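Residues per chain, in single letters:
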Amino acid sequence: MNVRLKLFSVARDIAGFDEQVVVVAAHADADAVLRQLVEAHPALEEWKGSLRLAVNCEYVNRSHRLNEGDEVAVIPPVSGG
Amino acid sequence: MNVRLKLFSVARDIAGFDEQVVVVAAHADADAVLRQLVEAHPALEEWKGSLRLAVNCEYVNRSHRLNEGDEVAVIPPVSGG
Amino acid sequence: MVSLTLNRINIKAVVDDVTTPESGGIDLFVGTTRNHARGRSVTLLEYEAYRPMAVGVMEQLELEAHRRWPLNRVAIVHRLGKVPVGEASVAIAVSSAHRKEAFEACRFLIDTLKKEVPIWKREYFSDGSIEWSGEHASSRAEHD
Amino acid sequence: MVSLTLNRINIKAVVDDVTTPESGGIDLFVGTTRNHARGRSVTLLEYEAYRPMAVGVMEQLELEAHRRWPLNRVAIVHRLGKVPVGEASVAIAVSSAHRKEAFEACRFLIDTLKKEVPIWKREYFSDGSIEWSGEHASSRAEHD
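For the record, the sequence lines run as chains A, B, C and D.
Going by this note's numbering, the letters in the first sequence line up with residues 756 to 836, in that order.
Going by this note's numbering, the letters in the second sequence line up with residues 756 to 836, in that order.
Going by this note's numbering, the letters in the third sequence line up with residues -6 to 137, in that order.
Going by this note's numbering, the letters in the fourth sequence line up with residues -6 to 137, in that order.
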């Protein structure tokens, strides 16, 4: 199935894109998207532990089950304020 | 000697004046001024415990020794803010 | 900067006054006239001050805050006279490199101002009565 | 009320937004661009956001503050884009009948915003380098 991957801040700079449709297995979890991203961009490996994931604008655990068309965002450590 | 007595808020309303020159003994303490005031205006008796005294714009203890020309202020519980 | 004013407090000016390039955080407290007190309806508050002493004590508070915390600037403005419901009677702004100190100092300043600065408020109630705040001993414990 | 803006934050409008007749105290926190970070000279900060989620999380924070404290109103405004030294990147205002709750809720909101809201800042240093805040792990512990 297809999900929309969104990257921000340092993750976007390292990967070199801000948005991309990615294909994952049916019933894949959010972590599957992250693993696929880090595999394609090994420089993200050192960040992996501090990246959070959001699905459809809500923070989720990595084991969160995805649905077709979900928006999956990779959230590096935030620094607003 | 002469000192200038200033009253504020509820103390002024009860005594009926806001400023007055009063005569006290040489070396009198601030409490002497207050005792004299309460004697002349017994309705202040119930307030006596909550009144603070200031001399020349600084809070003082009741035992503070006065000097000729001091400004002695009677400070009811404050309620600014 | 400390001041007493008979006019409306200009909130932006108070914040601007403490804004510096070295500051990362500003905390501002604004006290406003509330339409109720101790279960009764209030229409306005009227403040009076022992002016020279009030300014002096506010200046001492400003120095004390600088002694206790690494602050950049402090501004304390108190309005006197009649202050209608919803308008500001006091504004205190504190700037610091880090927000923790700004919050702590601002809280200290308003708490201490309410206890130490010789300013008094009269409460005008909607039933027409007018009372000094805390005039009735029974209500003193409830004072905010 | 929560919002993101590319323009200067209007501090007076933020305070006015939370002013109500029922309020006795308003606490406002303003985060401003500081001219230094970790011993280095900063010329400006640039903020970006995951906008729809940032607004959503800010709205959740507003609700959470109302659940925890008896507040009247909450306003959270975050600026995006370039914010020069001395200008405000964020303003949070909280009104309540009593000041204690306004202070506590405002502190909670800025502390939690900094941890949860998907907004990122890039630091522009005077030596010409540009870095994401916290980009170097060694500096993360020092982050304000």
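Because the hints were derived from the structure by calculation, they are not lab data.
Since this is a predicted model, take the numbers as computed values, not measurements.
Take the hints with a grain of salt, since some may be wrong.
Each computed BS3-like pair below joins lysine-lysine, with the alpha-carbon atoms no more than 30 Å apart [as the list claims (entries may be wrong)]:
{"#": "1", "chain 1": "C", "residue 1": "108", "chain 2": "B", "residue 2": "761"}
{"#": "2", "chain 1": "B", "residue 1": "803", "chain 2": "C", "residue 2": "5"}
{"#": "3", "chain 1": "C", "residue 1": "93", "chain 2": "D", "residue 2": "107"}
{"#": "4", "chain 1": "D", "residue 1": "75", "chain 2": "C", "residue 2": "5"}
{"#": "5", "chain 1": "A", "residue 1": "761", "chain 2": "D", "residue 2": "75"}
{"#": "6", "chain 1": "D", "residue 1": "75", "chain 2": "D", "residue 2": "108"}
{"#": "7", "chain 1": "C", "residue 1": "75", "chain 2": "D", "residue 2": "107"}
{"#": "8", "chain 1": "C", "residue 1": "107", "chain 2": "D", "residue 2": "75"}
{"#": "9", "chain 1": "D", "residue 1": "5", "chain 2": "C", "residue 2": "107"}
{"#": "10", "chain 1": "D", "residue 1": "108", "chain 2": "C", "residue 2": "75"}
message = Would the hint linking residue 5 of chain D and residue 107 of chain C be met if the CA-CA limit is 30 Å?
response = Status holds; Cα separation ~24 Å.
task = With a cut-off of 30 Å on the C-alpha distance, tell me whether residue 108 of chain C and residue 761 of chain B pass.
result = Roughly 20 Å separates the two Cα atoms, so the pair holds.
message = For residue 75 of chain C and residue 107 of chain D, compute the direct alpha-carbon distance and say whether it is at most 30 Å.
response = violated, 40 Å
message = Run the distance test for residue 108 of chain D versus residue 75 of chain C: straight-line Cα separation, threshold 30 Å.
response = violated, 42 Å
task = Given the hint that residue 75 of chain D pairs with residue 108 of chain D, test it: the Cα-Cα distance must not exceed 30 Å.
result = Status holds; Cα separation ~21 Å.
key: Pair hint outcome, residue 93 of chain C versus residue 107 of chain D [Cα-Cα no greater than 30 Å]   = With a Cα-Cα distance of about 13 Å, the restraint between residue 93 of chain C and residue 107 of chain D holds, given a limit of 30 Å.
query = Does residue 75 of chain D lie within 30 Å of residue 761 of chain A when you go C-alpha to C-alpha?
reply = holds, 22 Å
key: Holds or violated: residue 803 of chain B to residue 5 of chain C, with C-alpha atoms at most 30 Å apart   = The given pair, whose Cα atoms are some 42 Å apart, is violated under the 30 Å limit.
ask   = Is the Cα-Cα distance between residue 107 of chain C and residue 75 of chain D 30 Å or less?
value = violated, 40 Å
message = Check the hint pairing residue 75 of chain D with residue 5 of chain C against an upper bound of 30 Å on the C-alpha distance.
response = Between residue 75 of chain D and residue 5 of chain C the Cα gap is close to 21 Å, so the pair holds against 30 Å.
Violation of the numbered hints given earlier is confined to hints 2, 7, 8, 10; the remaining hints are satisfied by the structure.
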